[in-house]
Amino acid sequence: MKFPKPHSLKAVATLIDCEYVGADDFQVLGMNEIHVVESGDIVFVDHPKYYDKALSSKATIVLINKRVDCPEGKALLISDDPFRDFNKLSLHFKPFERATALVSPSAEIGEHTVIQPNAFIGNNVKIGRNCLIHANVCLYDNCVIGDNVIIHSGTVLGGDAFYYKNRPEGFDKLVSCGRVVIEDNVEIGALCTIDKGVTGDTTIKRGTKLDNQVHVGHDTVIGEKCLIASQTGIAGCVIIEDEVTIWGQVGTNSGITIGKKAVIMGQTGVTKSVVGGRSYFGTPIEESREKLKQLANVKKIPSILKKLEE
Numbered sequence: 002m003k004f005p006k007p008h009s010l011k012a013v014a015t016l017i018d019c020e021y022v023g024a025d026d027f028q029v030l031g032m033n034e035i036h037v038v039e040s041g042d043i044v045f046v047d048h049p050k051y052y053d054k055a056l057s058s059k060a061t062i063v064l065i066n067k068r069v070d071c072p073e074g075k076a077l078l079i080s081d082d083p084f085r086d087f088n089k090l091s092l093h094f095k096p097f098e099r100a101t102a103l104v105s106p107s108a109e110i111g112e113h114t115v116i117q118p119n120a121f122i123g124n125n126v127k128i129g130r131n132c133l134i135h136a137n138v139c140l141y142d143n144c145v146i147g148d149n150v151i152i153h154s155g156t157v158l159g160g161d162a163f164y165y166k167n168r169p170e171g172f173d174k175l176v177s178c179g180r181v182v183i184e185d186n187v188e189i190g191a192l193c194t195i196d197k198g199v200t201g202d203t204t205i206k207r208g209t210k211l212d213n214q215v216h217v218g219h220d221t222v223i224g225e226k227c228l229i230a231s232q233t234g235i236a237g238c239v240i241i242e243d244e245v246t247i248w249g250q251v252g253t254n255s256g257i258t259i260g261k262k263a264v265i266m267g268q269t270g271v272t273k274s275v276v277g278g279r280s281y282f283g284t285p286i287e288e289s290r291e292k293l294k295q296l297a298n299v300k301k302i303p304s305i306l307k308k309l310e311e
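The working numbering puts the first residue of the sequence shown at 2, with every later residue one more than the last.
Calculated from the structure, these hints are not laboratory results.
Because the structure is a prediction, the values reported are computed rather than measured.
Heads up, none of these hints are tricks.
In silico EDC-like cross-links for lysine to aspartate or glutamate, where the CA-CA straight-line distance does not exceed 20 Å: (1) Lys-59 with Glu-73; (2) Lys-6 with Asp-25; (3) Lys-261 with Glu-242.
Can you make the complete structure from the sequences, with help from the hints?
See the structure below:
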């Protein structure tokens, strides 16, 4: 997420009442999670395991809970609770905006697009040309929809990321202020849920088709011309490359990559990244031919045992 205008390090530190290391006028351009940070961004880290990754990332401002040596060309924000202060910044720069109408006056809707009754179109939503948004679809604030997109009834785009910190008093939610971006010629079935990015975009690229009841987690990127069947659950921060086929009731771990033109057979648990151009099956995931051979061999065990007894 980029700020509307640059801010100084001192001004940002004042907002969250923390100490800082760096010049007062060190420029801060935005804030992002570590997998999408760019120069000028703030990234937060609150566990020693990830200090080095954050300090060596593309982020030039690190919100951290320990005094460490500041890398050259970067700045530090020293906080006793980076998670809390990251949320403070999210709420300051992207506050919740209450809806005033079923279709927001700030929404931009392209020529020949049809919005069916009872669809909710939030603030600053952009919808392209020749789209069909069916009844009871919900597009949260800041969603971006391309041309020739069809979204079926009951689908929700832009829900919050499922991202919590476990504290003694309960789960503390990480504020989501990203977007959902749907490119041209995408069709999304009924009762799908696509969560927005924490600070970046959850993206479905051109020509991809989703069946009914598909869930897509925060910051996931689905490539061009993919087919994803019903009851598939895709976790956050997943990369699905172009022309991937995923059959029904597949589930994935977060942070994995599914390579171009891979085929994931039904009820597979995608527990790790897999290369493209191959077919996969099972939990944990394996190439489907090998997995099916294993299952065939398992069926032979009773007859083998019987022969041994004889």
